[in-house]
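*Asks:* Next come the chains, spelled out residue by residue.
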Amino acid sequence: MGSSEKRPKDAMNDIPTFSAENLQNNLKVIQNSRTFLSIIAGVLAGIIGFTGLTGFVFYFVVMLITSVGLMAKAGFSADLYFDSWNRVLFDGFLGGLMSFVLFWTFAYDLVHIF
Amino acid sequence: MAEDLVLDTAIRDWVLIPLSVVMVLIGILRYFVSKLMRSSPTPDAKMVKEGQVVIRARNLKIGANFIPPKSFRARRFYFSNEENGLLHVPKDQAAQNPQAQMFSDPNMAMDMMKKNLSMIIPQTLTYAWVNFFFSGFVAAKIPFPLTQRFRSMLQNGIDLSTVDVSYVSSRSWYFLNLFGLRGLFSLILGDENAIDDTQRMMQMGGFGFDASKSLSAEKDGLDIIQHEWALPRFEHRAESVLRKLVQ
Chain A
3 MGSSEKRPKD
13 AMNDIPTFSA
23 ENLQNNLKVI
33 QNSRTFLSII
43 AGVLAGIIGF
53 TGLTGFVFYF
63 VVMLITSVGL
73 MAKAGFSADL
83 YFDSWNRVLF
93 DGFLGGLMSF
103 VLFWTFAYDL
113 VHIF
Chain B
87 MAEDLVLDTA
97 IRDWVLIPLS
107 VVMVLIGILR
117 YFVSKLMRSS
127 PTPDAKMVKE
137 GQVVIRARNL
147 KIGANFIPPK
157 SFRARRFYFS
167 NEENGLLHVP
177 KDQAAQNPQA
187 QMFSDPNMAM
197 DMMKKNLSMI
207 IPQTLTYAWV
217 NFFFSGFVAA
227 KIPFPLTQRF
237 RSMLQNGIDL
247 STVDVSYVSS
257 RSWYFLNLFG
267 LRGLFSLILG
277 DENAIDDTQR
287 MMQMGGFGFD
297 ASKSLSAEKD
307 GLDIIQHEWA
317 LPRFEHRAES
327 VLRKLVQ
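Note that the protein sequences, when read in sequence, are chains A and B. Quick note on the numbering used here: the first sequence kicks off at 3 and runs consecutively. Quick note on the numbering used here: the second sequence kicks off at 87 and runs consecutively.
Treat the hints as calculated values from the structure; they're not laboratory data. One or more of the hints may lead you astray.
As the list claims (entries may be wrong) - Output of the computed footprint for chain B on chain A, the stretches with three or more beta carbons under 8 Å from beta carbons of chain B:
hint, segment
1, 35–41
2, 65–76
3, 107–114
All C-beta atoms in this analysis are idealised placements derived from N, C-alpha and C, irrespective of residue type, glycine included.
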C-alpha cells in the first residue's frame, strides 16, 4: 500500500478540492486490504478453534486492527486522503464478514472435525 | 446434546474441497466468458454528446469558484438557457426518452439478456449438481451455534432431528461459498470485475438512461450555485505560504 496512496486533496487549500481518481484508488486500497485480512482472520480463527461468539469478537478485533493500521498508513490525517473519516474506519466491515465466515468454517472443519 | 460427531475424512476430500474449487473455477470462467462476450455497443452519437455535455457541466460546477464571475455566468447561461441551452430538454421529449429507447434498441436488450444468462446458468447448474450428488449427509460443521429455526434451511438432506443445528448439509456449504467467495474474487480478478450476481441485479434495476433525468439534474445543480470567486483570496494565501517558507 506504500506509494499507492495518493493525495486527492491539496494540503494547503482553504477550498477543498478533490481528485476523484485518487480518492477512488484509495478506497479500493482500503477494500482490498480489508478483504484480504478478513480471509486471513477466518483461517486463523478456524485453526485456533474459536467457536461461537468468540469468533465474531475475533473478527471485529481484526477489523479494528485494520482500521488502526490504515490510519497509521495515512499518517493519522484522513483529511488528506479521504473525504471523510468514517470511510477509513468503517467501510468494509460487513463486506468482509461473509468471507470471514466461509474461511472460518472451512479451516475449522479441516482442522478439528475431520 | 452437543456431542461431537466425527466425520469421515472422505467427506472432506470429496465434498468440501471440490465444491469450493469448482465454484472458484466457475467464477473465473464466468469472468472470462463475460469479457469475451461483451459486444461493444456502437455508441449512439446523440447519447455520447449528451454524456459529454453532462461531464462538462459537472466540471463547470466543480471549478466554478476559480473563474471570474462574469465568465462563470456566461458559461452557465450557455448551458441552461431556455431556448437553446444545452441542458434544457423540452418537456415532451423528456417523457418518451427512457423506456422506449431502452427496449426498442435490440443491441441493448440482447446485451442485458446475455448478461443475465451468463449469471444464472452456472449458478443453476452448480446448484442442481450439488443437490444431485451431495445430498443426504452431513457435510460440515459451522463453528457457531444457531437456533432451531435454521434447521430446516441448513439441514435439508438430513432427517434426524437430534443432530445439532451446527452440522449442515452440503447445500448450505454451497450457499456459504456463494457469498463468501465474492471477496476472494475481488482479490483475484483485479478490482475491475469483482461484482457478482447480487450487485449486477441491483444494477439492472437502476439502468442508466443518462438522458433527460441527469440533464435536468445537472441544470438544477448549476442553477443553484452561488458564485464566490476565490481568486482575490489567493493573494493572502500566497502571502501565508511564503511566510511559512521563509520562517
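*Asks:* For a quick check of understanding: which of the numbered hints are violated here, in increasing order?
*Replies:* Hint 2 is the one this structure does not satisfy, whereas the remaining hints hold.
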